[in-house]
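Peer 1: In order, the protein sequence lines correspond to chains A and B. For what it's worth, the working numbering labels the leading residue of the first sequence as 1, then goes sequentially. For what it's worth, the working numbering labels the leading residue of the second sequence as 1001, then goes sequentially.
In case anyone wonders, no lab produced these hints; they're calculated from the structure. Be a bit skeptical, because a hint or two may be false.
Taking lysine-lysine pairs in the DSSO-like style, the calculated list, with each CA pair at most 30 Å apart, reads [said to hold, decoys possible]:
id	chain 1	residue 1	chain 2	residue 2
1	B	1346	A	346
2	A	324	B	1238
3	B	1228	B	1170
Chain B stretches covered by chain A per the calculated footprint, using a threshold of three residues with CB under 8 Å from any CB of chain A [as the list claims (entries may be wrong)]:
id	stretch
4	1039-1046
5	1294-1301
6	1389-1397
Cβ-to-Cβ under 7 Å is the rule here; a few derived chain B residues that face chain A [what the hints assert, rightly or not]:
id	residue
7	1026
8	1107
9	1112
10	1114
11	1283
12	1285
13	1306
14	1308
15	1311
Where is the CB? At the ideal position from N, CA and C, for every residue including glycine.
There are 2 protein chains.
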Amino acid sequence: MKADIITIGDEILIGQIVDTNSVFIASEFDKNGIYVRRIYSVPDLEMDIRNTLDDSLQHSDIIILTGGLGPTNDDITKNTLTKYFGGNPILNEAVLAKITEFFKYRGIEVSERNKKQAEVPDNCIVLPNHSGTAPGMVFHKDGKVIVSLPGVPFEMKELVVDQVIPYLQKEFKLPVRYHKTVLTIGIGESALADMIKDWEDQLSPVFGLAYLPSPGMVKLRLSITGTKRTELIKIFNKELDSLTSLIGEDFIYGFDDDTLEKITGRMLLENGYSASTAESCTGGYIAHLITSVPGSSFYFKGSVIAYANEIKSSVIDVPKSLIKKYGAVSKEVAEAMAKGIQNLLKTDISIATTGIFGPEGGSSEKPVGTTWISIALPDKIVTENFLFGDHRGRNITKASLTALNMLRNEIRTLNENIE
Amino acid sequence: MKADIITIGDEILIGQIVDTNSVFIASEFDKNGIYVRRIYSVPDLEMDIRNTLDDSLQHSDIIILTGGLGPTNDDITKNTLTKYFGGNPILNEAVLAKITEFFKYRGIEVSERNKKQAEVPDNCIVLPNHSGTAPGMVFHKDGKVIVSLPGVPFEMKELVVDQVIPYLQKEFKLPVRYHKTVLTIGIGESALADMIKDWEDQLSPVFGLAYLPSPGMVKLRLSITGTKRTELIKIFNKELDSLTSLIGEDFIYGFDDDTLEKITGRMLLENGYSASTAESCTGGYIAHLITSVPGSSFYFKGSVIAYANEIKSSVIDVPKSLIKKYGAVSKEVAEAMAKGIQNLLKTDISIATTGIFGPEGGSSEKPVGTTWISIALPDKIVTENFLFGDHRGRNITKASLTALNMLRNEIRTLNENIE
Chain A
1 MKADIITIGD EILIGQIVDT NSVFIASEFD KNGIYVRRIY SVPDLEMDIR NTLDDSLQHS
61 DIIILTGGLG PTNDDITKNT LTKYFGGNPI LNEAVLAKIT EFFKYRGIEV SERNKKQAEV
121 PDNCIVLPNH SGTAPGMVFH KDGKVIVSLP GVPFEMKELV VDQVIPYLQK EFKLPVRYHK
181 TVLTIGIGES ALADMIKDWE DQLSPVFGLA YLPSPGMVKL RLSITGTKRT ELIKIFNKEL
241 DSLTSLIGED FIYGFDDDTL EKITGRMLLE NGYSASTAES CTGGYIAHLI TSVPGSSFYF
301 KGSVIAYANE IKSSVIDVPK SLIKKYGAVS KEVAEAMAKG IQNLLKTDIS IATTGIFGPE
361 GGSSEKPVGT TWISIALPDK IVTENFLFGD HRGRNITKAS LTALNMLRNE IRTLNENIE
Chain B
1001 MKADIITIGD EILIGQIVDT NSVFIASEFD KNGIYVRRIY SVPDLEMDIR NTLDDSLQHS
1061 DIIILTGGLG PTNDDITKNT LTKYFGGNPI LNEAVLAKIT EFFKYRGIEV SERNKKQAEV
1121 PDNCIVLPNH SGTAPGMVFH KDGKVIVSLP GVPFEMKELV VDQVIPYLQK EFKLPVRYHK
1181 TVLTIGIGES ALADMIKDWE DQLSPVFGLA YLPSPGMVKL RLSITGTKRT ELIKIFNKEL
1241 DSLTSLIGED FIYGFDDDTL EKITGRMLLE NGYSASTAES CTGGYIAHLI TSVPGSSFYF
1301 KGSVIAYANE IKSSVIDVPK SLIKKYGAVS KEVAEAMAKG IQNLLKTDIS IATTGIFGPE
1361 GGSSEKPVGT TWISIALPDK IVTENFLFGD HRGRNITKAS LTALNMLRNE IRTLNENIE
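Using the sequences and the accompanying hints, generate a full structural model.
Peer 2: Here's what the structure looks like:
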């Protein structure tokens, strides 16, 4: 079953708003086995809407349009569709009652403009809008289903989930779709592709695999399409197992909506560890990631952002002689920072970062991107050296995520040794 | 001049990622007087890319494609375009050199996959990518310009601003468009609209005004279109002056690409002030914003993230009795934190935050969103109380930006008093 999404509105085409409606509909359709062939964004112009419909109707079975159903002059979708599908506008009493009730609740008189919203084409099925004034409309043409929805995101979402998907499930026999996203860090896209090449080559064509890179990490989405859900999930899980054992837990930090800050937070909580950070180059970003998780106060005590070298010495007790001898960006200073904050804030575990993130401050010996990260555990300290790129913002992100991943792997190792 | 944008990638059509590339390009085109007729999102399939190009070439003068230029098997855009425009792949030595340098800098061997990225069609103009491995490509057909760009947002953005727009300006006679974005904080969209209503009503139709709200701030983009640049700018600046004096400097923190962290950083530097933060509810986000600015080490010394109450007392000397008497989220504790960090890190100025950001921890007296922010200056301390919403992530952003804006207004006041 193929679908097209058409989002209507001048504000999208001048880059004023991000079209989040189409991503929501696409995701709901994908979950329900509807293949989205194309997303179009078009302006509030009759000709553009008509041309796009002409094109879509040639290729897809389902067309969803959003936007242009409001009460103002630039909202022309309803009139355009009425004419396009050869209907006539008639007043729908049920819709008028809804609109009247909607305004009464808010203590406002119903205007003529809003009464107009109760007029719908006589050749459509009306989908009542419980959160706004413009109803959804379903048209049929040559065995195809065309649905027009309001552009207000929460109204559109309610209509899609509660009414459009059930309608389509009844109307078409939808295939079964299942997928999972494997989240990796510490390995580049090309290296990952090489690592899983043989496995990928033998994948049955019912599977799909997509690489989704972002700074410091690569997400792999594996999907399967078929007819019998239980059978599909069985085949799927077998391939997923092969994939995850190929890549290994050092690189895989989670699945789907997991984040490193949530994963490491859960590990700290489950193990009863308190944590702290001493950050130089990451400037508080690790603390920010950790504290963005609700409930992080149960395991996170705090940080010292030791941006100036004097703070490294005066607050977290890094000996001045160490900084002088090895430089602030060195293994020795990273370790002293990690131990210093662990002592100062009395935490079981700590993370320390020191690096040169540019654009200034690099040298041939220590170029921009040079970073030392230390993880202090109750009985040991682990320190690693990295060379990130030359983009300050991305270095901050990469170093912070890398630090959290080191923490994840260290807690994992601790637990494996205990077992 | 009409343009189409085609974003390529299965991940868009299954609703896994929001297509932010097209909104960026649409906005840049709008700023430069290019009318965006249509945005298409299509899957990584040769046939779909070809069909969309067929359609676009019938209607628009400029076509921008993003995505599908990576090194993996699902990246098919380059091969498709090579064939579509009748070219042959050849190794481009300049691109290969860039790729080799890119990997060498990171201490990684260039793989065969990545070498392949240096192959480009012999009938295109190569746009060097300074932040990644896949170059941009410009094709010409029947007087139309077709540009293919990588889908990685920061690579795409750099290429659009630095190379694509100047190329199009040279190639086509674009109308003159001029605009400025006024950045405001501390006032809501409706209040702002009411404040400038009379001025907006009298605006000539050659002007456009767009409201762009984001958490904690509203951006106002004023634009003008015409033919004679110098004349336009004169008319424009007169209206811009009226607008900015209407809103006032308390709310306007900058223009265009300014950020509060850049603006306050510059003010600190110019006044020779050193700064520090003591953060509870903002968890290091203010420090992160400050240190995301290159050169921030000249004025920013560091922070203590006092997430646990014991850290507030043990590290930055907030008396335990104060916390017991007034609660950690109180004016008294915010001020003690600001003074404590100012003393500990020996800085001229400091920022302190303490609040309840949820989802847990609220009460009827202090609901989720309750926040105290203190700014300590050399000779005075200013403290304000805010009630933000119930969304943790947005509260962190709003409180951090509000704190930086308080700092901005305090330094402004200091300087006015000196003058």
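Peer 1: With a cut-off of 7 Å on the beta carbons, see whether residue 1285/B makes it to chain A.
Peer 2: Hint holds; residue 1285/B Cβ to chain A Cβ min 5 Å, cut 7 Å.
Peer 1: Less than 7 Å between beta-carbons is the criterion; does residue 1114/B satisfy it with respect to chain A?
Peer 2: It holds, given that the least Cβ distance between residue 1114/B and chain A is near 6 Å, below 7 Å.
Peer 1: Holds or violated: are the alpha carbons of residue 1346/B and residue 346/A at most 30 Å from each other?
Peer 2: holds, 24 Å
Peer 1: Is the shortest C-beta separation between residue 1283/B and chain A less than 7 Å?
Peer 2: Hint on residue 1283/B: holds, closest Cβ of chain A at ~3 Å, below 7 Å.
Peer 1: Under the criterion that the straight-line Cα-Cα distance not exceed 30 Å, is the pair residue 1228/B, residue 1170/B satisfied?
Peer 2: It holds: about 17 Å lies between the C-alpha atoms, which stays within 30 Å.
Peer 1: With a cut-off of 7 Å on the beta carbons, see whether residue 1306/B makes it to chain A.
Peer 2: holds, 5 Å
Peer 1: Does the interface hint hold: is residue 1107/B within less than 7 Å of chain A, judged Cβ to Cβ?
Peer 2: Given a least distance of 6 Å, the restraint on residue 1107/B holds.
Peer 1: Holds or violated: the stretch 1294-1301 of chain B covered by chain A, criterion of 3 or more residues with Cβ-Cβ distance under 8 Å?
Peer 2: Coverage by chain A holds for the stretch 1294-1301 of chain B (6 residues, Cβ < 8 Å).
Peer 1: Taking 30 Å as the top limit, are the C-alpha atoms of residue 324/A and residue 1238/B close enough?
Peer 2: violated, 56 Å
Peer 1: Let's test the interface hint: is any C-beta of chain A closer than 7 Å to that of residue 1112/B?
Peer 2: Violated - the Cβ of residue 1112/B stays beyond 7 Å from chain A, reaching only about 9 Å at its closest.
Peer 1: Using the nearest Cβ pair, does residue 1311/B come within less than 7 Å of chain A?
Peer 2: holds, 4 Å
Peer 1: Does residue 1308/B pass the interface hint, meaning its C-beta sits closer than 7 Å to a C-beta of chain A?
Peer 2: Since chain A brings a Cβ to about 4 Å from residue 1308/B, closer than 7 Å, the hint holds.
The structure does not agree with the numbered hints 2, 9 stated previously, though it agrees with the rest.
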